[in-house]
Amino acid sequence: MQTVRDKCFAKCITKPGSSLSGSESSCISRCVERYIEATGIISRALFNAPR
Amino acid sequence: MDPSALNSPELERFLSEEKERAMVNEMVAKLTSACWDKCITSAPGSKLSSSESSCLSNCAHRYMDMSLIIMKRFQSMN
Numbered sequence: 001m002q003t004v005r006d007k008c009f010a011k012c013i014t015k016p017g018s019s020l021s022g023s024e025s026s027c028i029s030r031c032v033e034r035y036i037e038a039t040g041i042i043s044r045a046l047f048n049a050p051r
Numbered sequence: 001m002d003p004s005a006l007n008s009p010e011l012e013r014f015l016s017e018e019k020e021r022a023m024v025n026e027m028v029a030k031l032t033s034a035c036w037d038k039c040i041t042s043a044p045g046s047k048l049s050s051s052e053s054s055c056l057s058n059c060a061h062r063y064m065d066m067s068l069i070i071m072k073r074f075q076s077m078n
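In order, the protein sequence lines correspond to chains P and V.
Under full-length UniProt numbering, think of the first position of the first sequence as 1, with each following residue one higher.
Under full-length UniProt numbering, think of the first position of the second sequence as 1, with each following residue one higher.
Worth flagging that the hints you see were computed from the coordinates, not collected in a lab.
Heads up, the beta-carbon is just placed ideally off N, CA and C, and yes, glycines get one too.
It cannot be assumed that every hint is accurate.
Said to hold, decoys possible - In silico negatives: residues of chain P with every beta carbon more than 12 Å from chain V: (1) Pro16; (2) Gly17; (3) Ser18; (4) Ser19; (5) Leu20; (6) Gly22.
Stated by the list, open to error - One side of the interface only, derived from the structure: several residues of chain P facing chain V at Cβ under 8 Å: (7) Thr3; (8) Lys7; (9) Lys11; (10) Cys27; (11) Arg30; (12) Cys31; (13) Arg34; (14) Tyr35; (15) Glu37; (16) Ala38; (17) Thr39; (18) Ile41; (19) Ser43; (20) Ala45.
Claimed, not checked - DSBU-like mimics (lysine-lysine), calculated; alpha carbons at most 30 Å apart, straight line: (21) V/Lys38 x P/Lys11; (22) P/Lys11 x V/Lys47; (23) V/Lys30 x V/Lys19; (24) V/Lys30 x P/Lys15; (25) V/Lys72 x V/Lys38; (26) P/Lys15 x V/Lys47; (27) V/Lys30 x V/Lys72; (28) V/Lys38 x V/Lys19; (29) V/Lys72 x V/Lys19; (30) V/Lys30 x P/Lys11; (31) P/Lys15 x V/Lys38; (32) V/Lys30 x V/Lys47.
The shape of chain P in the complex, shown without the other chains (with noise of 0.2 Å):
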């Protein structure tokens, strides 16, 4: 939870304003989604892929 806000936040809040832009509001989300989807590659990974 943490480390996802974490990265997110450096991703899409480059330059903070007075308030969350939209296009940061939906940065925010694809970059969520994006980190769900690489924990399933990362784990994916470890555990059933050979090489």
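With the hints as your guide, set chain V onto chain P.
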């Protein structure tokens, strides 16, 4: 609760399985974090690109290769 249940073999097995699961989850989380930094360089899109996914998968595999090398090196110390 029956106090003798506290050292039952079932409980012990359950606990060690849970510990293992926790370790695995922690490992996946750590690797995802490290490989994310190496592989996801652009702004997140609507799907991971194929080069990003293969980078992530390579990253996990190379981490395992590396662990093995380090383990072997330490084993040869004594």
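Quick one: which hint numbers does this structure break? Sort them smallest to largest.
When the structure is compared with the hints, none of them turns out to be violated.
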